[in-house]
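> Here are the chains, one letter per residue:
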Amino acid sequence: MRRLTVDYTRYLRSPVVEVALFASERVGLHVGETVLVNGEDGIPERRATVISIDGGKVKLRFIDPVRATA
Amino acid sequence: MAIRLREDELPPDGATVIVHLGAGAHNNLRDKAIRSYDDYRDVTESGGLFALSVYAALKGHEVREIVGTMPWNQYGTCSVGELRAYFELLATTILDDALQPVDPLQEVHFDVVLPGLEDERLAVEGALLDDVELLATVETWLDPHVDTFRSLFEPRQRL
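Chains as they are written, first to last, in our numbering: chain A, 384 to 453; chain B, 3 to 161.
Next comes chain B alone, as it looks inside the complex:
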């Protein structure tokens, strides 16, 4: 699996962004940002990224269609403008044969980038998965940012 940066124009501030949002979302979101950190080493000059996948209701893809492709019908929405007031948004495509069945939505896949942490241990690929002390440091760093992210998408909705 690899990440490709698309050269799309970023969506307008009024566009709706959708995220899968189950119960207990805080820890799940933080965990996702940590597990995917190394996936972004090839697309940034600053090492990995703490990123969270979202989809934008653009290019003919409606909220209902996007939520319908998720394995569970709980989700949250916010506007691009609200999101960009706090976080960077990258247009990204996940390159993975496993995603072929849901490929059409890749054109509206974006990553929300949580603020990075300056820690020299993160320079080593895989360290975040293997170093328990580093993991604890990163979790503490990400907690307030994940709270902000989650609050932007609340209240949780069901289709």
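Same shape as in the complex, but just chain A:
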């Protein structure tokens, strides 16, 4: 499964996040694809679904909930 990084400081616990992707990350990415989101090293990854792609930006909706504590 593809891994993407989001800015959790910006999006906090929002269920939907938007992220700009590098060209190499966009290759073959499609709406409906399930990806793994890695916000920070050491934080559990969460699955998310690609809900839109607009140029270099994608919106993701989280499937997995936040696990609150380390």
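Just to be clear, a hint being listed does not mean it is correct.
Said to hold, decoys possible - Now the stretches of chain B that chain A is said to cover, found in silico as 3 or more residues with beta-carbon under 8 Å: (1) 37-44; (2) 69-79; (3) 116-125.
In short, the hints are calculated from the structure, not lab data. Quantities reported herein were computed from a predicted structural model and do not represent experimental measurements. Backbone N, C-alpha and C fix where the C-beta goes; we use that ideal spot for every residue, glycine too.
Given the coordinates of chain A, work out where chain B should sit on it, guided by the hints.
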């Protein structure tokens, strides 16, 4: 998603600023500043900005509340005064429907602006995401500034 500059007075030097700070923060912080560069083209006359999101404990919002809205409980704090000794601070609101659940904190959202790089390739929107050589140049440029930013927020804390 768009950025709006608020016309707030900047917070006092003694106010506490909070950032989400996981392990391996250097690369994560640098990556965030790069990915959000183009988001600031509409609010500056100099192209994009290398900016990092932070929140200030102001207007009744306490550190505990702010950290509690983050998906992980590792964070760092520093004072506005310490931060402004090195970086510009902008009062910014992120305009994005996805942020509605955490909207109350937007009134204390700020961007820390890392120094810009003069490179004509940055004039093209999206170039930073597509040009591998430009990306490497920018990463090298940002590394010392990200180190300074991170050091201001250490040691990492847990709620």
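> Now look at each hint and say whether the structure bears it out.
Hints, one by one, checked against the model:
no. : hint    : result
1   : 37-44   : holds (count 4)
2   : 69-79   : holds (count 6)
3   : 116-125 : violated (count 0)
When held up to the earlier numbered hints, the structure conflicts with hint 3 and nothing else.
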